[in-house]
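J.: Required output: the full structure, derived from the provided sequences and hints.
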Amino acid sequence: MSLMEILMIVVPSTLLWAAPLVFTALGGIFSERSGVVNIGLEGLMVIGAFTAIVFNLTFVDTFGNWTPWIAIIVAMVAGAIFSLLHAVAAITFRADHTVSGVAINLLASGLTLFLVKLIYDKGETDIISQGFNKIDIPVLKDIPVIGKIFFQNTYWTSFLAIIVAIIVWYVVFKTPFGLRLRSVGEHPMAADTMGINVTKMRYLGVIISGALGGIGGGVYAQSITSNFSHSTISGQGFMALAAMIFGKWHPLGAMGAAIFFGFAQSISIIGSSLPFLKEIPNVYLLIAPYVLTVLALTGFIGRADAPKASGTHYIKGSR
Amino acid sequence: MLKRFNNILTPIIAVLLGIIVGTIIMVVSGYDAVAAFTALWNGAFGESYYVGEVVRQFTPYILAGLAVAFAFRVGLFNIGVEGQFLVGWLAAVWVGVAFDLPKIIHLPLAILAAMAAGALWAFIPGFLKARFRVHEVIVTIMMNYVALHVTNYIIKNIITDNKDKTDLVKESASLRSDWLQSITDYSRLHWGIVIAIIGCFVMWFLLERTTRGFELRAVGFNQHAAHYAGMSVNKNIILSMVIAGAFAGLAGAMEGLGTFGYATVKGGFTGVGFDGIAVALLGGNTSIGVFFSALLFGALKVGALNMPLEAGVPNELVDIIIALIVFFVASSYIIRVFLDRFSKKEVK
Amino acid sequence: ACGKSDNNKDTSKGGDKEKAFSVAMVTDVGGVDDKSFNQSAWEGLQKFGKDNGLEKGKGGYDYVQSKSDADYATNLNTLARQDFDLVFGIGFLMQGAVEEIAKQQKDHHFAIVDSEVDQPNVASILFKEQEASFLAGVAAAMTTKSNKIGFIGGVEGAVIERFEAGFVAGVKAAKPEATVDIQYAGAFDKAELGQSIASKMYSSGADVVFHAAGGTGVGLFKEANDLKKKDPSREIWAIGVDSDQANMGPDIVLTSALKRVDNAVIDVSTKAKDGNFPGGKVALYGLAEDGVGLAPINSKAPNKAAIETAVKDWTDKIKSGAIKVPGTRAELKTFSAK
Amino acid sequence: MNFVIEMLNIRKEFGGFVANDNITLQLKKGEIHALLGENGAGKSTLMNVLFGLYQPEKGEIRVKGKPVKITNPNIANDLGIGMVHQHFMLVDTFTVTENIILGREITTGGRIDLKKAEKEVREISERYGLAVDPQAKISDISVGMQQRVEILKTLYRGAEIVIFDEPSAVLTPQEIKELMQIMKTLIKEGKSIILITHKLKEIMEVADRCTVIRKGKGIGTVNVSETNPNELASLMVGREVVFKTEKAEAKPGQGVLEVQNLVVKDPRGINIVNDLNLSVNAGEIVGIAGIDGNGQTELIEAITGLRKAESGSIKLNGKDIINQTPRKITESGVGHIPQDRHKHGLVLNFPIGENMVLQTYNKKPYSKSGVLNFKEIYKKARTLISEYDVRTPSEYTLARALSGGNQQKAIIGREVDRNPDLLIAAQPTRGLDVGAIEFIHKRLIEQRDNGKAVLLVSFELDEILNVSDRIAVIYEGKIVAIVNPKETSEQELGLLMAGSNRKEAGEHSNA
Ligand SMILES: Nc1ncnc2c1ncn2[C@@H]1O[C@H](COP(=O)(O)OP(=O)(O)OP(=O)(O)O)[C@@H](O)[C@H]1O
Ligand SMILES: Nc1ncnc2c1ncn2[C@@H]1O[C@H](COP(=O)(O)OP(=O)(O)OP(=O)(O)O)[C@@H](O)[C@H]1O
Ligand SMILES: [Mg+2]
Ligand SMILES: [Mg+2]
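Quick mapping for you: the protein sequence lines, in order, are chains A, B, C and D.
Residue 1 is where the first sequence starts when you use the working numbering, and the numbers rise one by one after that.
Residue 1 is where the second sequence starts when you use the working numbering, and the numbers rise one by one after that.
Residue 1 is where the third sequence starts when you use the working numbering, and the numbers rise one by one after that.
Residue 1 is where the fourth sequence starts when you use the working numbering, and the numbers rise one by one after that.
The hints are simulated quantities; they were obtained by calculation from the structure and are not laboratory data.
A virtual CB, placed ideally from N, CA and C, is assigned to each residue, including glycine.
Among the hints, a few may not be true.
Said to hold, decoys possible - Beta-carbon label-pair distances, calculated as ranges:
1) A:D121 x C:G59: 18 to 26 Å
2) D:D78 x A:V145: 58 to 66 Å
3) D:R327 x B:F99: 39 to 47 Å
Claimed, not checked - Over 12 Å on every C-beta distance to chain B, these chain D residues come out as not near it, computed from the model:
4) A169
5) Q174
6) G269
7) R341
8) S367
To be verified - Only pairs whose alpha carbons sit at most 30 Å apart, straight line, appear in this in silico DSS-like list of lysine-lysine:
9) C:K175 x A:K278
10) B:K266 x C:K333
11) C:K281 x C:K47
12) D:K69 x D:K28
13) B:K156 x C:K103
14) C:K145 x C:K281
15) D:K308 x A:K308
16) C:K103 x C:K145
17) A:K278 x C:K148
T.: The structure is reproduced here in structure tokens:
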């Protein structure tokens with residue numbers, strides 16, 4: 001295989017893998033930047049995947065080609081609503097954020113499978129007929145070399161993820177909302193003395209994380225698995241969490257980390273066809289993405305500092 | 001006095017609330033809740049067989065819970081129990097299959113191998129945290145996947161000749177007991193429960209009663225103060241992960257030498273490690289708490305298997321109930337507020 | 001010896017004549033709609049139940065889905081305790097559990113699919129997957145234009161190896177110059193891996209890809225459908241496994257290598273009901289026993305008729321024993337279709 | 001009367017505990033009004049009520065004669081009330097400008113207009129003489145600078161009334177001087193100020209009137225021009241207070257600590273301790289005077305093993321202890337009262353009793369072959385608690401629940417009790433009231449009189465002058481002068497600390 005061919009395979013598949021992780025990791029950023037640890041990303045993805053698939057199956061005749069897009073909007077809303085549970089527990093009820101997040105994960109998988117059995121009377125849904133499809137991006141696909149690698153045989157959702165990451169970066173670092181969000185996650189009491197409603201900001205952070213996690217799940221299910229079952233979301237939420245930490249709670253960093261994960265995965269798949277990797281036992285390629293991540297963290301990323309107040313409760317008047 | 005009472009009451013109320021909400025969900029979805037709970041009860045305690053199975057399930061849950069709780073007490077979040085569990089399982093089986101030794105040596109050796117494997121697997125994130133300040137959450141997640149693939153590879157290519165399953169461990173390395181099986185009507189109950197209970201005691205004693213535990217807890221609460229006081233923060237971080245990993249490896253040994261007696265190639269995670277997180281958190285990261293929450297989990301999980309058959313209710317309902325219980329325990333602050341209000345009114 | 005134990009069983013159970021024969025199965029974590037062998041087994045069980053006037057539930061036919069590996073034994077035991085006359089364990093993962101429970105519940109009958117358990121009260125159901133995938137290989141070889149064909153395996157193991165060896169043998173037999181790119185995903189439930197592998201295979205020139213990878217294979221269909229949708233003129237095909245997966249993509253599913261777990265389940269159940277339970281034996285299901293086969297060829301396939309003829313020929317040759325399809329890589333090395 | 005703020009009969013309870021009991025405070029326009037009281041008297045609470053962080057149970061607040069309800073800080077801001085908190089309310093990772101505009105951002109098209117904001121910040125800071133770099137990160141600037149940012153925050157919001165809660169507790173003498181100047185400027189610009197401080201000298205210097213509270217109750221308001229420090233102190237404490245700590249002549253013995261050519265690098269690689277020489281003898285207290293950031297912290301951390309030294313030697317009783325572990329150093333006879341009691345001194349989530357054996361838990365009788373003996377631990381704790389007058393409900397109470405002063409007493413008890421040859425005390429009285437300070441000073445001197453060496457680091461020149469037998473002035477990582485407290489003055493010290501050499505400093509103070 002020529003390098004060009006390799007890239008033409010690796011890049012789109014990298015981006016395909018990365019997209020759901022990017023959305024979800026961005027969600028995690030909103031939550032954690034507001035000071036609420038969100039280990040429930042996995043559960044939020046589950047909710048998103050479930051909602052998107054059920055919606056897609058139910059309304060595909062009504063909405064036709066637009067179904068997957070509308071489905072991710074519905075998944076977004078479902079994720080946002082579901083994340084309210086985490087918000088209420090972690091912010092209002094002063095639950096330990098991690099415990100509450102674990103509860104979210106357990107609840108999401110239990111509830112969705114229960115509903116699948118209730119609705120369809122079986123353990124998993126049918127396959128959707130209208131998912132996200134491969135496309136060539138008009139105009140850009142004709143750019144020499146670059147066009148072939150980046151803009152052919154790819155998915156709109158991959159580019160949407162990148163665009164959303166840039167928007168999130170802008171929102172978090174360039175707007176008053178972002179400044180306030182971050183201040184609440186770093187030093188809620190300081191924010192309070194500046195007249196910022198800490199509780200409101202934290203609720204917003206969590207709800208947005210639910211919305212983005214929902215999108216992540218919806219994108220994953222509709223562009224990759226095409227149905228919903230117990231194994232549709234199995235660890236992607238944790239990978240997104242890892243991407244968020246890897247990316248140092250920075251939207252573009254998280255995007256980069258997610259793309260790195262996607263890349264490592266793709267390499268593990270294509271590796272067996274590359275001449276210089278062919279002789280290596282498969283197990284090395286299978287563990288490569290994870291080992292590479294650890295090495296990368298150890299070697300040149302180093303320590304990552306979470307927002308200072310993340311995981312803490314803000315109780316007015318306490319010190 | 002009242003406070004202590006409330007401390008015990010809160011989790012009980014959380015469990016009740018979980019069951020109540022679960023009931024509501026069932027009623028709303030048109031299932032027969034009474035039949036479901038009857039089936040759940042029967043499936044967990046209805047026959048001596050099921051009691052044995054509950055205890056069998058309870059055993060790795062305790063140890064996986066301890067593995068999470070121990071690290072948590074030192075301020076580390078060990079999501080890697082699943083991986084440590086898998087390597088422990090494999091190591092125990094490997095020793096159990098490969099040697100021919102008297103039981104008095106073979107069994108402890110197999111168990112030690114599991115602990116060592118789990119400890120080694122946890123040492124890596126601990127070391128990276130201590131040495132390079134790499135976030136243990138990511139490393140432990142990654143180590144889970146590595147464990148899954150590596151153990152599969154070893155089972156297929158090293159222990160067996162391209163098979164999916166190892167031989168049974170030798171009798172001399174088995175935790176199984178005909179007697180335990182016979183009193184529980186052929187359940188897979190094995191001696192591991194004794195080890196798990198010892199594990200609870202060890203964790204309690206180590207953390208609460210020893211100088212080493214004093215250090216570990218100090219590091220967990222305030223690394224700067226621990227450093228100031230002459231404790232080695234890095235050493236304690238690594239040590240806590242190693243001990244947590246040993247617990248997780250031990251949990252794997254329970255499966256490898258007890259419940260299953262062999263190791264298989266796995267398509268995905270067993271879930272025991274992740275359930276361990278919930279067990280630990282529900283148990284407030286104390287050993288006694290872990291003991292009781294593991295019991296609850298074990299009973300619910302085993303009992304749930306009976307629900308579809310006997311009551312036609314999807315067993316995911318139990319997952320929902322468990323999630324709700326964790327949720328309510330997490331929100332115990334609000335339960336406490338209500339309790340306080342309630343008891344104040346009583347006094348007046 | 002086995003036959004004897006059966007007879008013992010029958011006499012001991014002879015007392016309650018009113019009690020209808022009941023049968024149940026335990027699935028692995030996949031569940032009865034995994035579009036793979038659990039589903040197929042359950043379909044067989046349902047058919048058996050209907051044909052024999054049984055009701056779903058205790059005393060009739062039923063299934064239990066496992067939530068983890070640790071549940072297999074509990075579930076098998078529970079079903080035995082509920083007095084189902086025959087309990088199936090579906091999948092090689094259940095081998096250990098079936099063996100163990102069978103030893104304890106000596107007066108219950110068990111059957112295991114895809115693995116062997118040497119106990120007098122257990123029937124082991126094995127398939128000659130290689131025969132079905134051989135035919136799939138023939139179909140693939142006769143369809144490919146690029147002479148590049150792909151094979152996606154789930155997790156490496158004896159069963160999937162049979163699929164692999166048979167498939168490659170079929171390709172070689174029909175078109176020696178065609179090559180097969182073989183890749184394992186390492187999982188049966190990772191559609192995304194299946195999709196990435198398929199993507200790689202199609203973009204490096206393969207035009208027919210066969211999967212024996214359970215849920216991972218869903219990704220293959222997704223990829224093929226995607227490519228087809230994007231460029232309807234492109235000729236690419238996917239081949240399904242276990243059950244007829246034609247509905248996964250009417251335009252791209254060429255055929256499926258069938259593994260008739262349903263037939264085998266019905267067969268063993270019927271035998272057990274009639275007192276001929278093949279306890280302690282391996283029941284081997286191949287083309288001849290109607291235990292494996294090839295699904296109808298997609299009507300949009302370019303040379304459908306020719307494929308059908310060839311498949312028919314090879315089927316006859318295999319059935320008659322004229323050729324023996326290799327079931328392992330080692331056998332494949334020495335295999336020659338002549 | 002022309003009052004801008006009137007707090008009338010304010011009562012504030014915390015779950016039954018009355019923190020403010022019927023307190024009245026009236027602030028005239030254009031005055032600096034001091035608020036004085038012991039630790040825990042309720043000063044911060046009262047101000048938090050005014051700032052809208054707490055809601056009072058009773059009482060009325062009037063702004064310019066109009067009754068108001070201040071339910072959150074926004075309302076306080078709108079009413080022109082700004083507060084510089086005792087513990088800074090700054091987001092470390094933000095820049096100066098971001099901290100100032102937070103909540104009142106300047107935007108163009110939805111985006112924060114940092115350029116414009118920075119310009120505005122610069123304008124205000126120039127107008128009030130509060131030079132800061134608007135683009136600097138909070139974590140990179142000194143405490144004094146951070147306080148300026150706090151002040152700027154209130155001014156940016158158009159505050160007419162500025163509350164300062166213990167502003168000088170964290171400042172160097174020079175910075176305090178500047179702060180006093182700033183306050184005067186603010187008054188000139190028409191602002192009114194409430195100033196909380198434990199330092200009577202400051203009150204005498206800048207305040208017009210002073211309200212005293214004791215244990216949550218208002219004692220009264222006095223005109224500063226008509227009173228003196230002694231009167232204020234006894235009003236506050238309710239008894240006579242001795243200021244100058246009594247102490248006998250030092251009888252220095254052998255050298256205990258010998259530091260030679262010590263170099264310590266900070267994370268950026270700069271020699272923060274730069275070829276430093278210092279010695280402390282048995283039976284004397286050596287005070288290190290210096291402006292924050294001149295290497296004091298690093299010096300102490302290097303001596304105690306908390307930080308790696310680059311080169312040089314540190315000898316304790318003649319034995320080299322450089323770059324040994326904190327444990328080894330502690331065990332060779334060093335006691336350390338750390339500068340930051342929350343960060344280093346205590347495990348806040350441990351019971352106060354267990355904190356008492358933080359270094360000795362592994363020694364007999366507190367443990368035997370690795371097993372703790374709680375009976376002995378808590379026995380020891382009870383002794384120390386009563387000996388050092390640590391006010392705590394019980395030895396099982398979490399350290400977190402104790403007030404700062406009592407936490408400090410617990411630490412001092414623990415360190416002194418180990419009977420170290422060298423006791424290092426870093427900022428031992430920061431933020432404490434006069435009574436507590438007096439107690440701590442006595443203990444330090446007691447150590448000296450027992451023939452131990454004491455090394456005291458403090459930004460409070462009063463403290464240094466009062467307690468030390470010798471003063472070492474640190475500047476840019478070097479000891480630039482050793483002076484006798486009896487033969488120097490605050491001015492001379494101040495100049496030495498600012499880098500003038502001995503001769504110049506002497507000339508200046510003589511002049
Ligand atoms: N959030 C709170 N919850 C309960 N009690 C509190 C709280 N804040 C303060 N208190 C109580 O109110 C009293 C007054 O505290 P406050 O902080 O106002 O004292 P202060 O005069 O500012 O002391 P310091 O000089 O140490 O700053 C304290 O002794 C404490 O017991
Ligand atoms: N959340 C709280 N609940 C109960 N009491 C509290 C709370 N927060 C503070 N206090 C009490 O308030 C008092 C003063 O606390 P504070 O931290 O202001 O002490 P301090 O002397 O000012 O210490 P520092 O030197 O750290 O400022 C203490 O007695 C403490 O017990
Ligand atoms: Mg105060
Ligand atoms: Mg104070």
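J.: Does each hint fit the structure? Answer for all of them.
T.: Checked hints:
1. Taking 18 to 26 Å as the suggested C-beta distance range, the pair D121 (chain A) and G59 (chain C) conforms, at roughly 21 Å.
2. The given range of 58 to 66 Å is respected by D78 (chain D) and V145 (chain A), whose C-beta atoms sit roughly 60 Å from each other.
3. The hinted range of 39 to 47 Å is satisfied by R327 (chain D) and F99 (chain B), whose Cβ atoms lie roughly 42 Å apart.
4. The claim that A169 (chain D) is not at the interface with chain B holds, since no C-beta of that chain comes within 12 Å of its own (minimum 21 Å).
5. Look at Q174 (chain D): its CB is around 29 Å from the nearest CB on chain B, clear of 12 Å, so calling it non-interface holds up.
6. For G269 (chain D), the shortest C-beta to C-beta distance to chain B comes to about 19 Å, beyond the 12 Å cut-off, and the non-interface label holds.
7. Listed as a non-interface residue, R341 (chain D) fails to keep its Cβ farther than 12 Å from every Cβ of chain B; the least gap is roughly 9 Å.
8. A cut-off of 12 Å between C-beta atoms contradicts the statement that S367 (chain D) is not in contact with chain B; the least separation is 5 Å.
9. In summary, the hint linking K175 (chain C) to K278 (chain A) is supported, as the alpha carbons are separated by about 25 Å, within the 30 Å threshold.
10. Taking the CA atoms of K266 (chain B) and K333 (chain C), the gap is about 29 Å. The hint holds against a cut of 30 Å.
11. As the CA atoms of K281 (chain C) and K47 (chain C) are separated by approximately 24 Å, the hinted pair is consistent with the 30 Å bound.
12. Of the supplied pair hints, the one linking K69 (chain D) and K28 (chain D) holds, its CA atoms being roughly 20 Å apart against a limit of 30 Å.
13. Distance hint between K156 (chain B) and K103 (chain C) is fulfilled; the C-alpha atoms sit about 26 Å from each other, no more than 30 Å.
14. For the given pair, K145 (chain C) sits about 44 Å from K281 (chain C) by alpha-carbon distance, which is inconsistent with the 30 Å threshold.
15. Pair hint K308 (chain D) plus K308 (chain A) holds up; C-alpha atoms about 26 Å apart against a cutoff of 30 Å.
16. Between K103 (chain C) and K145 (chain C) the alpha-carbon distance is near 54 Å, which puts this suggested pair outside the 30 Å criterion.
17. Among the hinted pairs, K278 (chain A) with K148 (chain C) is consistent with the structure: their alpha-carbon atoms are about 18 Å apart, no more than 30 Å.
In this structure, the earlier hints numbered 7, 8, 14 and 16 are contradicted, and the remaining ones agree with it.
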